[in-house]
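Chain A is fixed; fit chain B onto it per the hints.
Taken in order, these protein sequences are the chains called A and B.
Residues in the first sequence are numbered consecutively from 1, following my numbering.
Residues in the second sequence are numbered consecutively from 1, following my numbering.
Check the hints yourself; a few may be wrong.
[Claimed, not checked] FRET-style restraints, in silico, Cβ to Cβ: (1) B:19 <-> A:173: 36 to 44 angstroms; (2) B:22 <-> A:131: 14 to 22 angstroms; (3) B:22 <-> A:141: 21 to 29 angstroms; (4) B:38 <-> A:131: 36 to 44 angstroms; (5) B:37 <-> A:172: 16 to 24 angstroms; (6) A:144 <-> B:30: 21 to 29 angstroms; (7) A:93 <-> B:24: 42 to 50 angstroms; (8) B:1 <-> A:131: 39 to 47 angstroms.
These aren't lab readings, by the way, just hints derived from the structure by calculation.
We put the beta carbon where it would ideally sit given N, CA and C, even for glycine.
So the chains spell out like this:
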Amino acid sequence: MTRTRAITLNALSLYAVALVLTAAFAAQLTLHELPCPLCLLQRILFATLAIGPILNIRFGPRPSHYAMSLFAAVAGAVVSTRQVLLHIMPGDAGYGSALLGYHYYTWALIGFVAAIVLLAAILLLDRQFDDTAPQPASRRAFAQAAVWLVIGLTALNVVSTLLECGFGACADNPIVYELLRRAA
Amino acid sequence: MEFTALLLAIAIVMLVAWRGPRPLALGLFAAVMIACVATYLHHATDTLKLSF
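In isolation and in its complexed conformation, chain B is listed as follows:
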């Protein structure tokens, strides 16, 4: 679910970058990057039965 949300957020940031105000696009981009890093850290610290 988090990956669907991230992709949806990126599509929205792209639309804002193309049509909306620049400061909003920059702010949303920063939020998405933080969410990506958080998702990665969650995955990297999770105990996995399989290695992917």
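Looking at chain A on its own, in the form it has when it is part of the complex:
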């Protein structure tokens, strides 16, 4: 795989992260289900997953950048596995609503494991690390838009989490935006 294709693939992975963050936001706003502490940690690790691709787009693909994303994906898989195990007992209804039969933390586990497998697969393609061809302008714009989209969604999550938790510890089972409740 050439360097240009690898960078396009990294931009696509940023759009995938943006899709996950948008879906989480959509569930939060439309279903009025506030994310629990472990759910927030999974969102945080999805955002952390994006740092490797941002570096790949800016400095070119390097194994160390993929390794950063692997660390984030493994940490995310551990956190989502914990939440799956917390609700594994028969009769436990799980936390929040389900999407296509799976709760969000189960989807998160599937997403993090898929990221680990895809990162391992892309690391097999050695040519991307040798190639030094410049990136075409059209693809540069596609990648830049992906970077700013992910940064913007992460910034929105900062605001949303501040509203939800306020300046204290986040509630185990949040039902109101703490900062808005205090202001009212």
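Just chain B now, kept in the frame of chain A:
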């Protein structure tokens, strides 16, 4: 509060990765990962009344 701080830190790391020096981005990424693991361990060792 710790989750807001972590998200803010990640947004800053993303901006540094996009605009700043690479070694700084790598160092900040390592600090954020350690903070994430510490937050997880704090949660995992905390006695919770509810299971989430």
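_Could you work out which of the previously given hints the structure breaks and list their numbers from low to high?_
none
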